[in-house]
Amino acid sequence: MDRPILVGAVLYDPKVSVIWDIIRDFFEEHRCPIDAVFYTNYELMVRALVHGHIDIAWNSPLAWLDAERQLGGACRAIAMRDTDRDRVSHIITKTSGGVATLADLRGKTLAVGAKDSPQATLIPLRWLQRHGLEPGRDFQVRRFDVLIGKHGDHVGGELQAWQCLAQGGADASALLDLNWERWIRDGTIDPHAYRILTTTAPFDHCCFTVRADFPHDREHQFVQVLFAMRYDDPKHREMMDMEGLKAWVPGRTTGYALLREADPIRGMLEGSTDNHSATTTSDAQRR
Amino acid sequence: MESYSWRLRVCCAEPGQANVFTRQHQFRVGAPVSFDEADKAISALEYVLGAIGADLVNGLQALARKRRLTIEQIEAVVEGELNNALTYLGVVGETGHPGLEKVRIRVSLASPEAEAAIQHLWQEMLVISPLVRTFQAAIQLECSLQVVA
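In order, the protein sequences belong to chains Z and W.
Residue numbers for the first sequence follow the working numbering, so the first one is 364 and each next one is one higher.
Residue numbers for the second sequence follow the working numbering, so the first one is 526 and each next one is one higher.
A few of these clues could be false.
As the list claims (entries may be wrong) - Only pairs whose alpha carbons sit at most 30 Å apart, straight line, appear in this in silico DSSO-like list of lysine-lysine:
#: 1; chain 1: Z; residue 1: Lys471; chain 2: Z; residue 2: Lys457
#: 2; chain 1: Z; residue 1: Lys609; chain 2: Z; residue 2: Lys598
#: 3; chain 1: W; residue 1: Lys565; chain 2: Z; residue 2: Lys609
#: 4; chain 1: W; residue 1: Lys565; chain 2: W; residue 2: Lys627
#: 5; chain 1: W; residue 1: Lys591; chain 2: Z; residue 2: Lys378
#: 6; chain 1: W; residue 1: Lys565; chain 2: Z; residue 2: Lys598
#: 7; chain 1: Z; residue 1: Lys598; chain 2: Z; residue 2: Lys378
#: 8; chain 1: W; residue 1: Lys627; chain 2: Z; residue 2: Lys378
Calculated directly from the structure, the hints in this document are not laboratory data.
Note that this is a predicted model, so its numbers are computed, not measured.
I would like the entire structure built from these sequences, with the hints used as guidance.
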C-alpha cells in the first residue's frame, strides 16, 4: 500500500476535526489512505505545501493565490465543493436607512469582516472599487479582525460587521450569500429590516491544491475516491452536510479573478495592521 | 497512618474504548476527549468533570445526613475548558496545552433548613472534598452554591 497522502487543513474549531475523521475513514475504506495535518493558519499550511511537507492543501481562495504565487504557478486546483463555485457576497443596508443606492454610500461607513476575508472584506471592497467607490476616499471602512490568518473561515468578523450595522455603527455591511441566507433562516437577520444594496460578481471559494510535481496517478486516485461520495448515501450525507456540499466537483481557478484584482486592497489592509490608517479601523485592535 | 490506595484495572474493550474495573463495578470510557456530539462513548474528560460534580452532589447529601440536615433536591452543572483544545488535535502553530484550564461548578439545592446552616455545610464540603481539593491546587476552579427554599 502507498504511504498515506498528507492532506493539510486549517482548523479553527475542534469540531471540524470530526469531519476530517469521517473523510479519513472514507478514504481508508476506499484503499486510498490519507492523513490530515492541521494548521493554525493558511500561511503555515501554504508554506508546508510549497516545501513539500504535505501533498494536498485544502486552501481558501486567498491561500490558493498565495500558493500559486509562491510556487510560480506550479500548482493545480484539483477539486472543490459544488458550493465553492459561483458564490457571491452582498453589501446590505437597513431598509429604514438612508442608503438605497451605491451612490448613497459616499461619505458613509461600511463594516467588513477580517482583513484577510475574501468574502466579507476583499471582494466586496474590490467590487465597490469597480463601481467607482474607493475605500477610505469615498467611504470609511470599519473592519472586524477576528482570527486573522484563517481567511474569514471563522464567520465571527462577518457577524460582528453585521452587528455593527444593526447597532448603528455602520451604514452597510458585507457578507457572503450563504451567511445572509443562513442568518435569515435562523432568525439572526430580519429580512424585512435589511436590503441588499449590491451583489458582487460570482467567485469561487476553497479548493484542494497540489504542487505541479504531485504524481498524477495519486491525484487521480484521490479525486476518484472524493468524487465517489454520494449525497444520497446516508453514510456520506452526514459529512457532506457538515462540510456544506452536495457533490465534489473538479477544481477550477477562473473563479479567483475577482480576488486577484483585490490584491492591492489586501496590501493596503496588511499595511494598516500596526497603525490605524484613515481608511480602516480594526475593532479587534481597539479592544 | 498507612496510605490508603485504590486500584482499578483498565482494559481495552474495543478500538477507542476501555473497560474500567473497580471492586465489583465496571464502566466504559471512550476517547481522552471528544468533539463529536454523536460520539457513542463518554470521554475520559467527561468522566472527570462528572466526577467532580458527583463528588459535591453526593458528598453534600452524605454530610447533610451526618449533620441531620434535610436536602430535598440537589443538582450540579459542571463546565470545563481546556487550555487549548486544538493542541490535543496536534494543530501546527497552536500554543498552550490540552490540559484543563478552568472548571465551573454550580450546585443548586432545595432545603427547608436555614440558609446559614446550608452555607456552613457547603463550606465544610469544599474543605473535605477530595476532588475539589485536588483541582483547586491545579486549575481555576469556581464552585458556587444556590439555595432554594
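Between the alpha carbons of lysine 591 of chain W and lysine 378 of chain Z, is the straight-line distance 30 Å or under? It is violated: about 45 Å lies between the C-alpha atoms, which goes past 30 Å.
Lysine 471 of chain Z paired with lysine 457 of chain Z [C-alpha distance capped at 30 Å]: Distance of about 13 Å is within 30 Å: holds.
Would the hint linking lysine 598 of chain Z and lysine 378 of chain Z be met if the CA-CA limit is 30 Å? 18 Å, holds
Distance restraint between lysine 565 of chain W and lysine 609 of chain Z, which requires alpha-carbon spacing of 30 Å or less: At roughly 26 Å apart (the allowed maximum being 30 Å), lysine 609 of chain Z and lysine 565 of chain W satisfy the hint.
Need the status of pair lysine 565 of chain W, lysine 598 of chain Z: alpha-carbon distance at most 30 Å? Holds - the C-alpha atoms of lysine 598 of chain Z and lysine 565 of chain W are around 16 Å apart, at most 30 Å.
When you check the alpha-carbon spacing of lysine 565 of chain W and lysine 627 of chain W, does it fall within 30 Å? Holds, because 25 Å separates the two Cα atoms, which is no more than 30 Å.
Is it true that the CA of lysine 609 of chain Z sits at most 30 Å from the CA of lysine 598 of chain Z? 13 Å, holds
Take the C-alpha atoms of lysine 627 of chain W and lysine 378 of chain Z, compute the straight-line distance between them, and say whether it is at most 30 Å. 20 Å, holds
The structure fails hint 5 only (numbered hints given earlier).
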